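Chains as they are written, first to last, in my numbering: chain A, 1 to 315; chain B, 316 to 657.
No wet-lab data here; the hints were simulated from the structure.
The model shown is predicted, which means the values in this text are computed figures rather than measured ones.
There could be a bad hint or two in this list.
Lysine-lysine pairs mimicking DSBU-like chemistry, simulated, CA-CA at most 35 Å apart [as the list claims (entries may be wrong)]:
| hint | chain 1 | residue 1 | chain 2 | residue 2 |
| --- | --- | --- | --- | --- |
| 1 | A | Lys51 | A | Lys75 |
| 2 | A | Lys51 | A | Lys124 |
| 3 | A | Lys101 | A | Lys75 |
| 4 | B | Lys335 | A | Lys159 |
| 5 | A | Lys60 | A | Lys75 |
| 6 | A | Lys60 | B | Lys335 |
| 7 | A | Lys101 | A | Lys227 |
| 8 | A | Lys227 | B | Lys335 |
| 9 | A | Lys159 | A | Lys101 |
| 10 | A | Lys51 | B | Lys335 |
Sample of chain B residues at the chain A side, in silico, Cβ under 10 Å [said to hold, decoys possible]:
| hint | residue |
| --- | --- |
| 11 | Arg372 |
| 12 | Asp407 |
| 13 | Leu408 |
| 14 | Met415 |
| 15 | Leu427 |
| 16 | Ala437 |
| 17 | Ile454 |
| 18 | Arg458 |
| 19 | Phe469 |
| 20 | Pro473 |
| 21 | Ser491 |
Heads up, the beta-carbon is just placed ideally off N, CA and C, and yes, glycines get one too.
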Amino acid sequence: MARLIATRLLTLIPMMLIITTIVFFLVHMIPGDPARLMAGGTRVSPANLAKIRETYNLDKPVVTQYGLWLSDLAKGDLGRSFRQRREVTDLIVERLPVTVKLASFSFLLSLAIAIPLGILAAVKRNTWIDLVATAFALVGASSPVFFTGILMILLFSFKLQWLPSIGPGEGGWDTVVHLFLPSLALGISLAAITTRITRSAMVEALTQDYIETARAKGLSSRSVVFKHAFRNALVPIVTVAGLQFGFLLVGSVLVEQVFGLGGLGSLLIEAVQVRDYPVVQGATVFIAALFILINLAVDVAYGVIDPRVRYGGGA
Amino acid sequence: MTDRQQHPVLAIEDLRIWFKTRAGDVKAVDGVTLTIAPGEVVGLVGESGSGKSVTARSIMRLVPAPPGRHVGGAVRFRGQDLYALSEGEMQDLRGGRIAMIFQDPMTFLNPLYTVGDQVSEAILRHQHADRKKARQQVIDLFRTVGIPNAEERFDAYPHQLSGGLRQRVMIAMALSSRPDLLIADEPTTALDVTIQAQILVLLRQLQAETGMSVLLITHDLGVVAEMCDSVAVMYAGQIVEQAPVEILFANPAHPYTAGLMAAIPRADDPNAAPLPIPGAPPDMARPPAGCRFNPRCPWAQEICRTDVPTLRDIAPNHRSACHFAGSQVFDWAILSALEAGR
Chain A
1 MARLIATRLL
11 TLIPMMLIIT
21 TIVFFLVHMI
31 PGDPARLMAG
41 GTRVSPANLA
51 KIRETYNLDK
61 PVVTQYGLWL
71 SDLAKGDLGR
81 SFRQRREVTD
91 LIVERLPVTV
101 KLASFSFLLS
111 LAIAIPLGIL
121 AAVKRNTWID
131 LVATAFALVG
141 ASSPVFFTGI
151 LMILLFSFKL
161 QWLPSIGPGE
171 GGWDTVVHLF
181 LPSLALGISL
191 AAITTRITRS
201 AMVEALTQDY
211 IETARAKGLS
221 SRSVVFKHAF
231 RNALVPIVTV
241 AGLQFGFLLV
251 GSVLVEQVFG
261 LGGLGSLLIE
271 AVQVRDYPVV
281 QGATVFIAAL
291 FILINLAVDV
301 AYGVIDPRVR
311 YGGGA
Chain B
316 MTDRQQHPVL
326 AIEDLRIWFK
336 TRAGDVKAVD
346 GVTLTIAPGE
356 VVGLVGESGS
366 GKSVTARSIM
376 RLVPAPPGRH
386 VGGAVRFRGQ
396 DLYALSEGEM
406 QDLRGGRIAM
416 IFQDPMTFLN
426 PLYTVGDQVS
436 EAILRHQHAD
446 RKKARQQVID
456 LFRTVGIPNA
466 EERFDAYPHQ
476 LSGGLRQRVM
486 IAMALSSRPD
496 LLIADEPTTA
506 LDVTIQAQIL
516 VLLRQLQAET
526 GMSVLLITHD
536 LGVVAEMCDS
546 VAVMYAGQIV
556 EQAPVEILFA
566 NPAHPYTAGL
576 MAAIPRADDP
586 NAAPLPIPGA
596 PPDMARPPAG
606 CRFNPRCPWA
616 QEICRTDVPT
626 LRDIAPNHRS
636 ACHFAGSQVF
646 DWAILSALEA
656 GR
């Protein structure tokens, strides 16, 4: 197990190198002149433009710029924002909490909806319960989050006035109250997929031979479903849940816009619009690293769930 | 009728288990009647698809419903109709007084739990034992069923054991609560030949030690001859013949049984080619009228195509469901058929 983690951590280095390269060159391929955008208009004197370019190393060849950026990155320095004239690291640290909170809340909400519903649908398969779960998944998966979000604001904030519609709240319980609607909007769309995966993994597990052994032992349906089937169904569920959590870190941008939460996703979108290279690069690399770490956590989870992974044995 | 048969451990009476499909009801078990006396080892033989496994599972009420459903008949265990019990009462019996082992020990153990855990689970379910006591009991059971290094094996996962050891684990699990009846569904089919013999010897020895009754499901008449006291032959969802092993082998009283015997390859006479039974088992959604074996039976008469034969006593302890069983003409026909196979 420790070896598995160690090897995976080592592969992180080449992976990050590849990602940084791709990110850097992609960002620089976006049309638009950051110096001109920074100067804020078309009627800028060539001298001023040249000065800006010099300050930010934009006059140097792209490959040189890449080298400089990479050596800073190796020291943990993500550079300074062109536009906001602040450290990129500070910007990320400032925006991160609301994103992490939103992502975690909606992730937990989605699991709280999807896992019981998926299990129920599998156990009661081909009944009306299964049908309701399928309908929920279909509607959830096909409604865009910004649409669900707006509907929720209309219902819960505007009509019923139960919950606030905007802002991240001021900490503690206030944050929970403020983040509930956006988390629910995101959570429902995630839950749609997780419900389907849980259902199909549980159906698969419940038709395995060892389920019959468990029943022949005299175990109750509860132990059969939760102890023997659910743990076997966990691997696909954890895989999907891990991917979803990764996507949540950026994918929540639409919800952030609807509910006026300035998170990491919003930071990235704003930066792309003004060709703020260091912020785009820094935020993307940061998110990529998080993504890789989540995948590592998923791999470790496989080992915890399944002894065949842990001991590296086949059938 | 002997006393042993008047107080059977298990009496299946005209059991019908059907499966709903698009093509109509598949009558997998359609009027099975079978008795098992205390301490008796009964073999249930038949071709694949004859309904042997469904019969075995229906005793434990393990047939998933839907699509399966109990259409009629009773399964009496020590006089108690199991189909009249609640699911909770049934759970107390499963793995307690009735236990079951299955065909493929590779897939019938949960890959995510240690074998020791899986056997303890059965003990904790049926006996007043704490984990520590259960663990010791499992280790003792492992020794009884011949698992070497029993203590270390407790913490092994199924994938770390060979097929033979896994089947021994299954047997340990089934025997953990000293059942009155053990149902073994083709327990050696998935194993290597040498391991098969070991498992059969083990089962025979454990049966002799505990005095439990065994229903052994198999398609292998050799296993039956080796293991069983009596044998029931199943064809197309019904029992067509039941008799003590010696009688059945010496004097089969159903054309299907005779056909099965003639189909065994013979090692003592390499020139005698095995004679397969012509045709295929019927589609159980639309079984033939009259005797279900009539389309494949070389001696079928008009009555076989119209009247359903009942399973009746043709001699003490010998029952057959053939219209002609017991008649002299029939005995002569069967004998000549067996001779042809020899």
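Here's how the hints hold up against the structure:
no.: 1; hint: A:Lys51 / A:Lys75; verdict: 26 Å, holds
no.: 2; hint: A:Lys51 / A:Lys124; verdict: 70 Å, violated
no.: 3; hint: A:Lys101 / A:Lys75; verdict: 28 Å, holds
no.: 4; hint: B:Lys335 / A:Lys159; verdict: 50 Å, violated
no.: 5; hint: A:Lys60 / A:Lys75; verdict: 21 Å, holds
no.: 6; hint: A:Lys60 / B:Lys335; verdict: 76 Å, violated
no.: 7; hint: A:Lys101 / A:Lys227; verdict: 31 Å, holds
no.: 8; hint: A:Lys227 / B:Lys335; verdict: 30 Å, holds
no.: 9; hint: A:Lys159 / A:Lys101; verdict: 26 Å, holds
no.: 10; hint: A:Lys51 / B:Lys335; verdict: 82 Å, violated
no.: 11; hint: Arg372; verdict: 8 Å, holds
no.: 12; hint: Asp407; verdict: 6 Å, holds
no.: 13; hint: Leu408; verdict: 7 Å, holds
no.: 14; hint: Met415; verdict: 4 Å, holds
no.: 15; hint: Leu427; verdict: 5 Å, holds
no.: 16; hint: Ala437; verdict: 4 Å, holds
no.: 17; hint: Ile454; verdict: 18 Å, violated
no.: 18; hint: Arg458; verdict: 21 Å, violated
no.: 19; hint: Phe469; verdict: 14 Å, violated
no.: 20; hint: Pro473; verdict: 9 Å, holds
no.: 21; hint: Ser491; verdict: 9 Å, holds
Hint check: violations occur at hints 2, 4, 6, 10, 17, 18 and 19; the rest are consistent with the structure.
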